[in-house]
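K.L.:
Keeping their order, the protein sequence lines are chains A and B.
Residues 1 to 476 (the UniProt record's numbering) are what the first sequence spells out, left to right.
Residues 1 to 217 (the UniProt record's numbering) are what the second sequence spells out, left to right.
Keep in mind the hints are simulated off the structure, nothing from the lab.
There could be a bad hint or two in this list.
[Said to hold, decoys possible] Label-pair distances were calculated between CB atoms; the ranges are:
no.	chain 1	residue 1	chain 2	residue 2	range
1	B	111	A	422	51 to 59 Å
2	A	210	B	151	50 to 58 Å
3	B	159	A	324	50 to 58 Å
4	A	373	B	128	52 to 60 Å
5	B	99	A	434	47 to 55 Å
6	A	254	B	59	58 to 66 Å
7	B	181	A	239	38 to 46 Å
8	A	373	B	46	43 to 51 Å
9	A	352	B	159	16 to 24 Å
The C-beta atom is built at its ideal place from N, Cα and C for all residues, glycine as well.
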Amino acid sequence: MTDVSINHFTFHYPESDVKVLNDINLTFKSHHFSLLSGPSGSGKSTLLYFIAGLYPRFIGIDATGSIKFGDTDIKDIPRSKVSQSVAMMFQNPNQQFAMDTVIHEMTFVLENLRLEPATMDDIITRALDFCGIKQLRGRVINTLSGGEKQRVALACIVAMDPQVIVLDEPFASIDPDSRADLIDKLKILQEKHGKTIILADHDLTSYRDLIDEFYYLDPDSHHISLLDDEQAEHFFKNFESTQTINKQVPIPSGDANAIIHLSDFKLAPHGTDLLTLGNFHFYKQKTTLITGANGIGKSTLFNALTKLLPYDGTITFDGKDIKKIRPLPYAKNVTLLFQDAENQFLNITVKEEIDLSLTNRTNTDYTQEDVDDMLKQLDMDGKDDRIVYSLSEGQKKKLQIIEMLIMNPPVLLMDEPFKGLDYRSLETVVGFLNRAKSQFYQTQIVISHQLSGLDELVDYHATFKDQNLAYQEVIK
Amino acid sequence: MNPGMKLLLVMIIALEISFTQSLTVNIILIGVSLIYILLQRVHMKALFGLLFWPLFPALGLFVSQWLYGSAGIHFAWILFTRIYAYVFLGATFTLTSSITDLSLTLEQDFRLPAKFAYGVLAAFNLMPKITEEIRIIKTSALMRGQALHFWSPKLYFKSILSSIQWSQNLAEAMTSHGFVEDQARTHYKVIRITAMDWILFVGLLVIVQALLYFLRY
Chain A
1 MTDVSINHFT FHYPESDVKV LNDINLTFKS HHFSLLSGPS GSGKSTLLYF
51 IAGLYPRFIG IDATGSIKFG DTDIKDIPRS KVSQSVAMMF QNPNQQFAMD
101 TVIHEMTFVL ENLRLEPATM DDIITRALDF CGIKQLRGRV INTLSGGEKQ
151 RVALACIVAM DPQVIVLDEP FASIDPDSRA DLIDKLKILQ EKHGKTIILA
201 DHDLTSYRDL IDEFYYLDPD SHHISLLDDE QAEHFFKNFE STQTINKQVP
251 IPSGDANAII HLSDFKLAPH GTDLLTLGNF HFYKQKTTLI TGANGIGKST
301 LFNALTKLLP YDGTITFDGK DIKKIRPLPY AKNVTLLFQD AENQFLNITV
351 KEEIDLSLTN RTNTDYTQED VDDMLKQLDM DGKDDRIVYS LSEGQKKKLQ
401 IIEMLIMNPP VLLMDEPFKG LDYRSLETVV GFLNRAKSQF YQTQIVISHQ
451 LSGLDELVDY HATFKDQNLA YQEVIK
Chain B
1 MNPGMKLLLV MIIALEISFT QSLTVNIILI GVSLIYILLQ RVHMKALFGL
51 LFWPLFPALG LFVSQWLYGS AGIHFAWILF TRIYAYVFLG ATFTLTSSIT
101 DLSLTLEQDF RLPAKFAYGV LAAFNLMPKI TEEIRIIKTS ALMRGQALHF
151 WSPKLYFKSI LSSIQWSQNL AEAMTSHGFV EDQARTHYKV IRITAMDWIL
201 FVGLLVIVQA LLYFLRY
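Bound-form chain A, shown alone:
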């Protein structure tokens, strides 16, 4: 029996007065499935990294208070024994393997635990079998899809056989089938193998009947509280309501007013088909919302539209094959607001970033007053000398949106532009986008899971499902 108990645990960065975790007292019960929720960037990961024994080693800043596995403080567990107590699954499927192939990674794991080489084959076979990925044994990890990688990550954990399994938003970028399957496996590990599961996620889909405890990290007080059934239900309902809006939109047709056209289009980056389209149009001066499950290929479609990934078939922009348009002019016409704001930054400070957009833009639709006003409305004024990488996730997103609006490209693709924004900022950004569309004739294509608050913005809605993209009348 290993409860994970957190006592008077407080963490803050030395340069900041804000406590990321403020006097946390709670116990993740042994053999239970605990969900830790809270908005992105609220400090869930930080706590998980401490529980997994990765912090303070990898962050260099210690916290006050204690974390205990049963009666033992985690700091008293020798480093070579930590992985018998706890293992972690990370959010990014691409950065959790040191070796080239699945089998090499798994032997690496078992070698680290100093197991007898003679026993390894058996353990690996059983772990792969449990995760349903026997066929991936000899595969090169770089060629696997996100969902497959996360299954391999789970197989590594199963082979390690730790008491506690900690997962940090492990399903953020994987397809729904993999997600359902992994959750299923975690439930078996908890119920049949007595594992303690601690999972952080801000996306509450499909946890309702699964979890034993629901913890919530409040972004304002930085406290974590255990919710009772009623409160938990409130959060689930609230989450579901952000996932739906009820709005009727027209279904566009024909190629008049089309700006981007895909024909005989096929997208298959990992050898498996993600999307096959005979004929599809995106329309000028409209906001098209694309919805669909995680990991189904929405961002990959944007990568094809921006020439970051190879595809089969033809994409035309304004009647011209995009393969025949030179990179710079094309990038200025069809621009992507990356999901990860840091991808967009080229300079160091906020002012340099804004100035870069002001210098390089192709039109001067936004005046200096407009820019100052946008910064002010999003509480980004007076931050000129801040280093962009030190901004909070929400602030990075706001800066990124403003600088890409200043560029004012004819077509703006946006990949989860509202992630990490509070509701008031979201409404402000929707106002900006509506202005860009009505005054500057911008075409906008948006991928978003967050739907509430977008009623005013969306003109057309396309769902991505079963390797197909199709316009729908209702948004939900």
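Chain B: place on chain A using the hints.
P.N.:
Chain B alone, transformed into the frame defined by chain A:
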């Protein structure tokens, strides 16, 4: 042959021919390496690359030495073949040894700290991701109206930033997978340096010395 020994042998020979001037030995080294590579069944495309790409620096050296050098055409030929000798010697290693086996032997037989052996291996396995990241950085810069070339400091700044982030993530992942620095590990695949490895290593080295001594032309 043990990949660690092979790498060592190749490096010693390459170093030696940098300081000796024997056209015959260079040609013998190229010939033997070529036969070895052919016996290991490598792709024709890789082989063509080995012949084609060094042609430019080799020809450059040859022409400049021949036309402007004081040591004459014989020395020009030495420089020309030396480039190819380097390339083919290197290829006997890179085309036929696995980087995974190399790090295994470096860890197990050459007593390199496991941290380095696996760190290098992990970095090597990240190569495709790095290429992808550079493409993203370049595209993203284009979207802000800036073309970044391979000499642009910004490209390096951004790549280094990503690399630091990745190396951190990787170190965390390795730790989470039970890796502890300076801690004994077991080995599923044991790579030993065999008597045969030693015989080949010493034997080949002696032969090269003899050739260098007797074939001075």
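K.L.:
Let me make sure I understand: some of the numbered hints might not hold for this structure. Which ones are they, in numerical order?
P.N.:
As far as the earlier hints go, 3, 4, 8 are violated by this structure, in ascending order.
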